[in-house]
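Colleague: Given next are the chains, with one letter for each unit.
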Amino acid sequence: MNRRLPELDILRCIAILLIMFRHYYIFPSLSKGAWIGVDLFFVLSGFLVSGLLFQEYRQTGKINPRRFFIRRGFKIYPVFWVALLFYLGYYYYKHYTYGAGRVWAELLFVQNFTPGIMGISWSLAIEEHFYLILVLFTVWALKKDWIRRQRIATYCFISIALICLGLRTWLSYSRPFDSYTHFFPTYLRLDALFAGVLLSWFYQFRPALFNDFFIRYRVPLLLCMLAGLSIPFLLDIENPLLLSIGLTIIYSSFTVGIGVLLAANRRWDHPAWRPVIYIGKCSYSIYLVHLLVGPAVAHFCTNHFFPGSSPYVYAIIYVLANIASGILLSLGVEQFFLRLRDRWFPKFITITITLFCVLPGGQASPLHAGDSVVTSSKQEALLFLEKIQNLDSSIYWPNVRPRWFMENLQTNINTPLAMYQGSNTNFCGYAALSYLPLHEDPLGYVKFMLELYREGHARWGKITFDPSPAVKLAAGTLHFKGILDIRPADQMWFLILADQFKGYLNFFFPHYHPGSENTFWASVNFGKFNRIIEHLLGYEVRSVGSDLIRPHFHDLFDYLSQSVKTGTTFLYVNNNYLHKKNHNKSRASFPTHFIVLTDIWKTGEDFTIVYWDYGGRTLRQVRPSFLKKILFGVSRCTKKAYDE
Amino acid sequence: MMNKLRYQALSFLALLYTCAVAISCTSLNITNYYHKHQSTLDSIESGFKKAYQEKPFSIEFTDRPFKHVSLELMTDSLTYIYEFAVSERRMDDSLRKYGFDAPAINALITKMRSAECTWVNNLDYYNDEKKQSLIYISLWPRIFNSPFVNKKYYILTYFSLPQYFDSEGNLLVRRRLKRIRKINGETFKKINDKVCYTLSDRFR
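Residue numbers (the working numbering), protein chains in the order written: chain Z, 2 to 645; chain P, 125 to 328.
Please keep in mind that the hints were generated in silico from the structure rather than gathered at the bench.
Take these hints with a grain of salt, some might be off.
[Stated by the list, open to error] Simulated coverage check for chain P against chain Z, where a stretch passes if three residues somewhere in it have a Cβ under 8 Å from a Cβ of chain Z:
hint	segment
1	164-178
2	202-209
3	214-222
4	279-289
[To be verified] Now the stretches of chain Z that chain P is said to cover, found in silico as 3 or more residues with beta-carbon under 8 Å:
hint	segment
5	471-485
6	571-584
7	616-630
As the structure is a computational prediction, the values presented were derived from the model and not from experiment.
Where a beta carbon is used, it is the ideal one built from N, C-alpha and C, also for glycine.
Could you put the whole structure together from the sequences, leaning on the hints where they help?
Modeller: This is the structure:
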């Protein structure tokens with residue numbers, strides 16, 4: 002999100018137009034539900050503001066709350082204070098009386114709990130409160146190292162959504178309607194903002210999934226969105242149903258709409274869009290003045306220049322005056338302070354040059370400069386192994402013979418491609434992901450394995466491995482697995498990974514028993530595979546696909562060739578077709594095998610792929626339709642550009 | 125009337141069941157298959173062994189009519205997998221390009237086709253931590269291709285050294301270690317000291 006997204010400015014323009022029509026009742030049916038413009042602003046704010054934090058985290062590995070608040074302050078306060086002065090001047094001119102408490106409510110941003118001056122700034126108060134909560138949430142997630150965890154992000158949002166919905170339902174059904182108790186409080190509206198946060202999380206951390214989902218299901222999603230957004234135009238704002246689940250449906254619809262619009266990756270270069278985008282850009286200033294300037298100018302003009310004209314003339318003047326005054330305010334104040342902000346408090350300094358690229362076909366992928374980060378060399382690892390003269394038998398691994406263990410480690414370092422999962426095992430996922438440490442941190446790998454061998458437990462990154470006694474006994478005893486029979490270190494490695502990381506496939510097979518290496522106990526599903534790479538090996542994983550449904554690729558070749566160029570690419574494939582074992586016409590249609598795609602090019606109409614699996618590299622020509630048929634997931638892994 | 129109809133339905137089901145069992149049983153009568161086709165099967169093994177020693181490869185027929193063949197050509201750095209129509213000129217070109225004995229492999233393919241052999245490969249196994257090799261031949265005879273039979277592949281393993289078996293003819297790991305050896309996840313039965321067979325639902 003280094004570039005400005007025109008889609009969001011267009012949505013802002015729509016939101017501000019809706020709000021303007023909400024406050025001018027020329028079209029009653031439109032005005033009735035046009036208040037949803039605020040909800041659109043909420044989702045957009047959640048998306049954009051959290052996007053700033055996520056983007057900072059992705060590029061620097063940390064978040065600077067101070068800088069964030071200062072930069073937000075420069076964006077929000079100057080225009081707000083100037084607008085407040087306008088309102089106060091207008092009140093003074095009109096001899097309206099108001100208590101000091103109202104001014105304080107505006108200045109302290111509590112005008113969503115107690116009346117302020119402007120009347121429309123209650124939504125700003127919610128946003129201010131949201132900034133605080135969001136930063137607290139993000140810092141907490143960062144400390145816990147949960148910021149990249151999909152499940153945490155999703156559960157956090159679900160919790161907030163349920164709490165807000167519960168409160169809304171309780172209030173709307175138990176008390177008579179009042180805006181300050183039923184509509185304005187922060188705790189009733191935070192879910193809309195956090196829906197934007199969740200959307201932003203997927204946009205930043207799971208771009209492929211984001212695009213795949215919103216492209217694949219765009220038609221039903223848009224139909225649902227339209228249905229959802231029709232509700233406020235049918236029900237009164239005081240309707241408890243609308244105030245409770247209705248608000249949830251509305252912000253969900255907007256979330257979906259934003260997702261579909263972003264995933265569509267349309268170009269908005271046409272000159273006709275420029276004014277729309279510009280209005281969107283100035284929407285904050287327009288929002289602040291629209292209740293004051295528009296009606297005043299329209300009233301003045303229709304009285305003096307167009308007396309007796311139709312309400313439509315009033316409406317046109319009202320809209321134009323609001324837009325013009327908003328643009329002036331934006332040019333004169335907002336953008337001036339934004340320039341100052343960028344001079345005094347520039348955006349975080351990026352460590353890596355990141356180009357956020359949305360590929361054709363809707364697969365968004367950031368292309369990193371210098372993706373392959375080698376943290377230790379083969380020579381370092383071999384030197385480390387050479388220093389170990391006599392390795393004693395391990396009391397923790399009674400069946401692992403030291404000589405074979407050392408030979409195995411040396412083989413893995415010298416010929417990392419020779420790592421073999423064994424015949425008739427479900428270790429292929431673990432063997433595939435070993436490609437990363439063996440190529441990019443062989444020293445880390447041997448140190449870990451030796452510590453594990455000597456101590457019985459070891460730590461890799463932030464994960465401590467303390468294998469179960471059954472696994473310790475099993476290592477070195479696996480037989481009839483081909484060369485894995487004489488590779489006890491690989492047996493240890495596969496067994497501890499299977500023992501440590503669990504997925505839903507482990508539901509009925511949580512513990513190791515002899516023979517478990519060929520059962521679901523050792524199986525790796527797509528999510529588990531990506532999770533291991535992300536959490537254990539510290540890679541950033543961009544994945545698309547699933548365990549059951551094949552992903553959609555607009556241009557498979559382009560996607561895969563880009564992926565291979567920019568990171569280590571794993572394919573999750575249906576092995577019943579890739580290495581078929583029988584000639585049955587109907588074969589199970591689910592993936593069971595991981596391969597490392599190292600190269601791809603076109604040979605006539607076919608693709609030539611070079612991939613690693615079963616302890617070696619294979620070159621093979623395949624038809625595009627065949628590859629599409631077998632491919633259930635693609636994971637592109639890049640080393641994080643910082644140390645967590 | 126109702127009783128008559130019921131008897132007819134039961135008779136029909138009984139007949140169907142008998143047919144199914146009969147078909148299944150006929151396909152299980154395979155112990156003599158090797159002896160009937162011994163010369164062809166042994167010549168496939170010896171031909172493959174000789175060609176494999178020059179340069180490693182494997183051959184797989186990918187279809188029932190045995191018209192398409194998939195070759196795995198192993199070199200030091202890469203394994204090339206190509207699929208060809210039988211006797212396609214492109215196949216010879218590829219074999220020569222990677223330094224394989226094209227006439228020998230073509231002859232092998234012809235023999236495999238006649239014997240309905242769907243896969244031939246060299247497998248490594250480990251005995252007392254020493255690497256050993258065997259030749260794994262998967263056959264897909266039409267007589268096994270019954271609709272009620274799942275295990276339709278007749279698999280032969282040719283060992284280079286005499287093996288040990290228990291009293292029921294099951295292949296053992298070692299003479300003293302009375303443990304049944306599994307190859308490719310399958311247990312094998314004795315044909316002779318060096319050749320074993322099994323029936324499987326997968327050819328590799």
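Colleague: Quick one: which hint numbers does this structure break? Sort them smallest to largest.
Modeller: The structure breaks hints 1, 3, 4; every other hint is satisfied.
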